[in-house]
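Visitor: Chains as they are written, first to last, in the working numbering: chain R, 1 to 141; chain X, 1001 to 1141; chain G, 2001 to 2092; chain V, 3001 to 3092.
Calculated directly from the structure, the hints in this document are not laboratory data.
For clarity, every value in this text was computed on a predicted model and none was experimentally measured.
Among the hints, erroneous ones may be present.
[Said to hold, decoys possible] DMTMM-like, lysine to aspartate or glutamate: derived pairs with alpha carbons at most 20 Å apart:
id: 1; chain 1: X; residue 1: K1042; chain 2: R; residue 2: D22
id: 2; chain 1: R; residue 1: K10; chain 2: R; residue 2: E48
id: 3; chain 1: X; residue 1: K1125; chain 2: V; residue 2: E3022
id: 4; chain 1: R; residue 1: K137; chain 2: R; residue 2: D114
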Amino acid sequence: MDYIKLVSNKIDIQQVHNLIVDDGCGACSMFVGTTRDTFEGKKVISLEYEAYENMALKEMSKICSELRTRWPILKHIAIYHRLGTVPVREESVVIATSSPHRAAALESVSFAIDELKSRVPIWKKEIYEEDPVGEWKENKE
Amino acid sequence: MDYIKLVSNKIDIQQVHNLIVDDGCGACSMFVGTTRDTFEGKKVISLEYEAYENMALKEMSKICSELRTRWPILKHIAIYHRLGTVPVREESVVIATSSPHRAAALESVSFAIDELKSRVPIWKKEIYEEDPVGEWKENKE
Amino acid sequence: MNEENKSGTININILFFAKSRELAKTSRAVFAVEPVVQAGQLLKQLVDRFDLSAISNCIILAHNENYIENLDEDIHLQQADEIAVIPPISGG
Amino acid sequence: MNEENKSGTININILFFAKSRELAKTSRAVFAVEPVVQAGQLLKQLVDRFDLSAISNCIILAHNENYIENLDEDIHLQQADEIAVIPPISGG
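Start from the sequences, fold in the hints, and give me the full structure.
Guide: Now the structure itself:
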C-alpha cells in the first residue's frame, strides 16, 4: 500500500510506522525531517509550509511508483508532509518503507527524500526571531 | 548523546525518536528490524533472542564511536535491541541517528545496522509452527 | 466560463505560490491568453502582468498539475485550464 | 578462587551462548587451563570437553569481552578471566 498525505497537525511517528510494518517484512526504514533552530546564525522560530496540494499529492504518488519500479520488493510506502506552521523540533516530513530485506528499505527512503525535495511543489518560509516576515527557502541539494 | 540499550519489552518507536530529535537537527533517520512470518516456506511464530549482554553493549558502544568518526556531524545515536521472545511483526532492533543535514543521518543508520549484524554478540532462534524447537540463525550479509 | 472572448483568447486560471503569491498579491487570478502559446511567452506575459520580475529567472510553470519541462514548447490551452507559477521549491 | 591449582593451571570461566549453550548443556562452566595458551589449542580443548564438535568450525572466542581475531595467537589468562564461546551471530 502507498500512504500519501498532507497533514496540518503533528505527525505521529509510531502511527506511520504502524502503517508500514508487515508480517512478511523484516525491515522498516524511516526518514524524518524536522525544523532546525538556526540558519546562517539567525535564530529560527518556525517554518511555514505551503503546497500546490493536488499537484504535490500527484508528485508524491509518482515517487511511490518510481520506488516500486526500482525496488519491486517493497511492501508499504508512507509519505507524509505537514503544511502550515511547524515549530522547531517538530516533523515536517516523514517517509517510511517496509521490505522483507533491509537494503531496499534503506535505499528507497534515501532516494525518496531526494526526489521529494527536487520535485514536489511545496515551499517553506523560515521565520526568524529578528525578522518575523521571514524568507522563502530553496532546496539546493 | 549515545543511547544504547538491551530491552526485554516492546520498543516504542516514538520514544526512541524523541531521544534523538534535536533543536539543531533537520534530519532523523531510523531503521527498524521486525520479525518476519516466514523463512524458506516455513511459518515463523516468533524469534527468541539471547545476548552476551556486557559484550553486546560494549560492541554497540564501539559502533557509536565508529559512526562519530565517520560522520562527525551526527548529534544523537540510539541503538536498542530487544531480547527474549519477539513475536511476528514486533521490533527486534531500532537504530536511529540525528544530524543537521540528511546525508549523515541516512548513511550512518545504514552502516550501523550492517555493523550490528556482523559484530554484536546476539543470537536469534526462529520458532516455527511445525517445529517448536526452532533453529539458530546466522547473519550472512 | 465556457465562452471564448472576442479577441480569440480564452480564460485560464493562474495559481501563485510562495514568493510569487506575495509578489502577485493574490493566490489566484483569471488570465486571458491565446489558446496556443509558447511556454516562455506565457511566462513573460505573467511576469509582466503580475509583477514577478524579481524572480522571473527561477520560475517554472505547471499546466494542469504537470511541470512544463521546456519553455520553448507550445502549450495547448483549454478554457479554465490551470497554470501554476512555481518558484524554487523547498519541501522536506 | 585466587589460588592456582597444583599442576600450574588456573581456573577461568567459560560462557556458552545459543547453539554452543545447547550442546554444552550449560551456559557457564569453570575450566582449568595453562595461563598461556594458543587460542586454537584452547578452542580445541573446549570443543572436546563440552561436546562442541558439531559447530567447531564456526566458533570464535572472546576473551574478557573482546573477540580473539586470530586463533594462532597466544592468550595470556588470569585466574577468573572470561572466555566466551561465540557461534555465528544473528542479531538485528
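Visitor: Each hint: holds or not?
Guide: Do the hints match the structure? See the list:
For the hint linking K1042/X to D22/R, the alpha-carbon distance of about 17 Å falls within 20 Å, and the restraint holds. Among the hinted pairs, K10/R with E48/R is consistent with the structure: their alpha-carbon atoms are about 14 Å apart, no more than 20 Å. Between the alpha carbons of K1125/X and E3022/V the distance comes to roughly 12 Å, so the proposed pair stays at or under 20 Å and holds. A threshold of 20 Å between alpha carbons decides the hint, and for K137/R with D114/R the separation of about 16 Å falls inside it, so the pair holds.
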